[in-house]
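> Chains as they are written, first to last, in my numbering: chain A, 1 to 114; chain B, 115 to 238; chain C, 239 to 383.
In short, the hints are calculated from the structure, not lab data.
We put the beta carbon where it would ideally sit given N, CA and C, even for glycine.
Treat the hints with care, as some may be off.
[Unchecked claim] Chain B is faced by these chain C residues, among others (derived, beta-carbon under 10 Å): (1) Gly335; (2) Gln341; (3) Arg344; (4) Glu345; (5) Gly347; (6) Ala350.
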Amino acid sequence: MKIEEIVKTLGLEVVCGGDHLGKEVTGGYTGDLLSDVMGNAREGFLWITRQVHQNIVAVASLKELAGIILINSCQPARETTEKAEAEKIPILVSNLPAFELSGKVYNLLTAKSS
Amino acid sequence: MKLSDVRDILDAEVIVGQDSMDMEVKTAFGADLMSDVLAFAKSGSLLLTGLTNTQVIRTANVLDIAAIILVRAKKPSAETIALARELKIPILTTKYILFETAGRLYMKGIVGCLPKVENTSGRN
Amino acid sequence: MGETNQNLYSGSFNIEGGNFNSAGIVSTNIKSILKKLGIPGDLVRKAAIVSYEAEINVVSYAKKAVVNLTVNSGTVQIEVIDEGPGIPNIELAMQEGWSTADQKIREMGFGAGMGLCNIKNYSDDFHITSEVGKGTHLKMIIQTP
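Using the sequences and the hints given, assemble the complete structure.
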């Protein structure tokens, strides 16, 4: 499933990386501990987190994640957006908390693959 | 659903609270950061987390969390288990990551314990 | 097929301690270099993880560090030599969950005490030495199986 379909279905706000929503999403990873994401997330995953500082971009880039969805209407820091644009990483925002958002994204990805 | 259903949906191991499997739960909250748990988790809810220290148990107790689901196959320390037993807070552990754990529970009808959060100050 | 184990790349990078704004730049550089050299994806992924964790440790705790990257066909070696407080008890530091991170670092999602574990798990060979008051020296080797 492409990011843009998830964006449309869940009504996510696109903060940056709008030109890269055609990326294929292979799964999701929810978490706020960067070492944990570094150790366990897989290429093509959407990362659901509340971390808004610029270091999330390095992590997303190193792990070749499809994009980042910020929960609870958290807005990324300015440097985060700048870095994300440069690294071509979409940053999306949802007004949902982690559990609900994860549930909905999981639902979409599972329905698509069945 | 009952805690026993949660256990089955998540292929979870019950570390503490074998006698609480009939407990009804309806809502869940997921977080890795203690401050988020304190700020947002609601009483009666399941807490999905990778945090295994004793502070999680204290927090769960203060907030009247129904049960703690440790994700990513995290195992609690002996002190954490002892405190959970003392305070009667069930701990289950599942090999699934938080995303999948939330996904599986959500698809079976567990809802988030919070409504939508609009325009937070982006606490960072 | 690269059996001669020829040297493909040797280079050094600097990390500034305390600078979270640029944390990750060296790892991103290293990953980019490895990809350009045609190093297999698996190795690149592991190298990215160990490099990043080491870089964040330097930024979180040390004054500065030098990172030496040596790439031979089939082997990636990353050496991180820092100037900093050093680690008094390496065995403790290697335990998952053990961390001396302050609140500010933890709130950013660092300091979960998994850095050295991740480095060890994703390296084929891992050496760590440290001297309190001087600094820490990490050497990670990742190989094609």
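> Identify every previously stated hint that the structure contradicts and give their numbers, smallest first.
Hint check: nothing fails, all pass.
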